[in-house]
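Q: Position chain B against the provided structure of chain A, taking the given hints into account.
Given next are the chains, with one letter for each unit.
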Amino acid sequence: MAYSEKVIDHYENPRNVGAMDKDAKEVGTGMVGAPACGDVMKLQIKVGDDGVIEDAKFKTYGCGSAIASSSLLTEWVKGKSLDEVQAIKNTDIAEELELPPVKVHCSVLAEDAIKAAIADYQSKQQQ
Amino acid sequence: MTKVKTPIYMDYSATTPADPRVADKMCQYLTPDGIFGNPASSSHSFGWAADDAVKKARSQVADLVNADPREIVWTSGATESDNLAIKGAAHFNVRKGKHIVTMKTEHKAVLDSCRQLEREGYEVTYLDPMDNGLLDIDVFKAALRDDTTLVSIMHVNNEIGVIQDIAAIGEICRDRKITFHVDAAQSAGKVPIDLSTLKVDLMSFSAHKIYGPKGIGALYVRRKPRTRIEAQMHGGGHERGMRSGTLATHQIVGMGEAFEIAKNEMATENDRLLMLRNRLYDGLKDMEEVYVNGDLEQRVAGNLNISFNFVEGESLMMSLKDIAVSSGSACTSASLEPSYVLRALGRNDELAHSSLRFTIGRFTTVEEVDYAIEQTRAAVEKLRELSPLWDMYKEGIDLDSVQWAAH
Chain A
430 MAYSEKVIDH YENPRNVGAM DKDAKEVGTG MVGAPACGDV MKLQIKVGDD
480 GVIEDAKFKT YGCGSAIASS SLLTEWVKGK SLDEVQAIKN TDIAEELELP
530 PVKVHCSVLA EDAIKAAIAD YQSKQQQ
Chain B
308 MTKVKTPIYM DYSATTPADP RVADKMCQYL TPDGIFGNPA SSSHSFGWAA
358 DDAVKKARSQ VADLVNADPR EIVWTSGATE SDNLAIKGAA HFNVRKGKHI
408 VTMKTEHKAV LDSCRQLERE GYEVTYLDPM DNGLLDIDVF KAALRDDTTL
458 VSIMHVNNEI GVIQDIAAIG EICRDRKITF HVDAAQSAGK VPIDLSTLKV
508 DLMSFSAHKI YGPKGIGALY VRRKPRTRIE AQMHGGGHER GMRSGTLATH
558 QIVGMGEAFE IAKNEMATEN DRLLMLRNRL YDGLKDMEEV YVNGDLEQRV
608 AGNLNISFNF VEGESLMMSL KDIAVSSGSA CTSASLEPSY VLRALGRNDE
658 LAHSSLRFTI GRFTTVEEVD YAIEQTRAAV EKLRELSPLW DMYKEGIDLD
708 SVQWAAH
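Line by line, the protein sequences give chains A and B.
When you read off a place in the first sequence, starting at 1, and then add 429, the result is the number in my numbering.
When you read off a place in the second sequence, starting at 1, and then add 307, the result is the number in my numbering.
Just chain A, with the same shape it has in the complex (with noise of 0.2 angstroms):
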C-alpha cells in the first residue's frame, strides 16, 4: 500500500524513540494494543512541576502507520500541558498524517496511549 510522505518521514526517521524510569513519580507511561493484533504502543511523558510535558518517549510494534502515529504524538506533546494534550483527537493524527481509513486504527490507538500514560502519571501523583 502506499504511505503518504509524513508517514514514511516519521518511518524512517522516528522521533523521541526511548524508554524512561517507568516508576520514576513524574512518569506517566501507558501501554496499549495487543501482539495478536499486530500492534503495541508505549507512550511515556515526564511531566515537570508545573505540569507541562517537558519529555515524551514511544516504543512501537506495528505496521508503518502505528509507528508514524506514535513518533508524531511524542512530538506534539513535548511543552504541552495535560490539559492541552488531553484535548488532542485520534482524528487530528490521523489527517496530519494522510492515514487511509484501514489504518485510522492506529491513529486511535495514539490517542489511547496518550490518555492511559497521563492517568498513570496522574493516579501517581494521588499517592
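No false leads were slipped in.
Some chain A residues near chain B, calculated using beta-carbon distances under 7 angstroms:
1. Val446
2. Ala463
3. Pro464
4. Ala465
5. Val469
6. Lys471
7. Lys488
8. Tyr490
9. Gly491
10. Cys492
11. Gly493
It should be emphasised that the hints constitute simulated quantities derived from the structure, not laboratory data.
For every residue, glycine included, the Cβ atom is placed at its ideal position computed from N, Cα and C.
A: Using the frame of chain A, we list chain B on its own:
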C-alpha cells in the same frame, strides 16, 4: 560489496517473469505474419497450423509430468483448474456421496470452491496440518468416510513451500475409489512429478509460476482409470467438452515452452536455488528469535518463510523497500488477520504477524541474496530497537502472561 540493481524481486511464488525464450516463442503466434489462426478452424491451413502448435504444447506439458497429452485440458490458470476439478468432480459424483476432504492450508481457489459446494449442500472436512505444515496421514485416513467422493490436497504450499506426500495420499484414495485432486501450481517444474506412478486423478497447473505467461493453465484429467468431471464452462465443446472457449494459442504455446524448459533445466536449477536459499537462511539464522515456518527438509528449493519475533511484518516490508517480498500478515485488510496458513500451523499470532516470505527463482543472483541478508538484518535490528515487545523479552517478561487489551 557489489552494487546490485534494485528493486530486487524475491516473490517468485506470487508470479515469475516469463522466460525470454518463452516470450520470443509467443510473439510468433499473434500477428498476420505469425500463426494466429483458430485451432478449431479445421477447414483451412491457418487453423491447422495453430492446431499443430497446440498439440505440440499439449505434449510439452504432458511430458513434464509423464502424462498422456490427451489428459491435458487447457484452462485460464490454476484457479480455474481448481474450480473445474473440485466442483466438476463433486457434481459428477453427487449420487455416490457429498463429502469432501481437504486441508486448512490450501489455496483460496480450493477453499472457496469447497465453500461454494457447502452452500450447495455438500459437507467438507478441513484438516489441520502438523506443526511443520505436513499432513498427518493417520489423521487423513480417519477423516475419510463411505460418502467421501473427493480429496483435494495441494502438492507444494504457496506460503511455506512444504511438499505433501501425494504418493501416499494417492494410494489411500485409490484403494477407497475416491477421486484425488492435487493443486500443483507451485510444484510443477520444481518437484519431479510422475503421473504414470502417482495415483492422482486430477492435477491443476499454472504457467506463470514457472516462467510462462499469466492467464493460462491446465487441468490433468486421468484416462485410466477414467476420471469424470462435469464441465463448468459451456459453449463450443472444446477440450472434449470439459472446458469450452477458443484456445489462446499464444498463451498455450508459451506454457508448453515453459514446461519444456522446466523439464530440461529443473535438476540443475534446483541445485542452484537450494544453494541460494541456504545462503539466505545461513545469513539470517544466527539472529535471535528467528523461526522458519514449515518443514525445512520437505520443502521446495526456492522458498524461505521466516518469522522475526517481536517485529511486525508489514513494517518490516516497509523497511525492505528495495526488495519485493510478501508478508504472512495481511495487515492491509481492516481485520488485521495474520496468515491463515501460519495460524493453521499453530504459530501464535505474534509469530504469524512477524513473518516474511522470500521466494527466489531463475533470475535471482548471489549478489541479490547477500543484499537481502544485509537489508533484512538491518531492518530487523532497527525495528527491534523500536519494539516494546523486544524490550519486554529482553527483561525476561513472558508475553503470554501479560493481560493485553485486544482491540
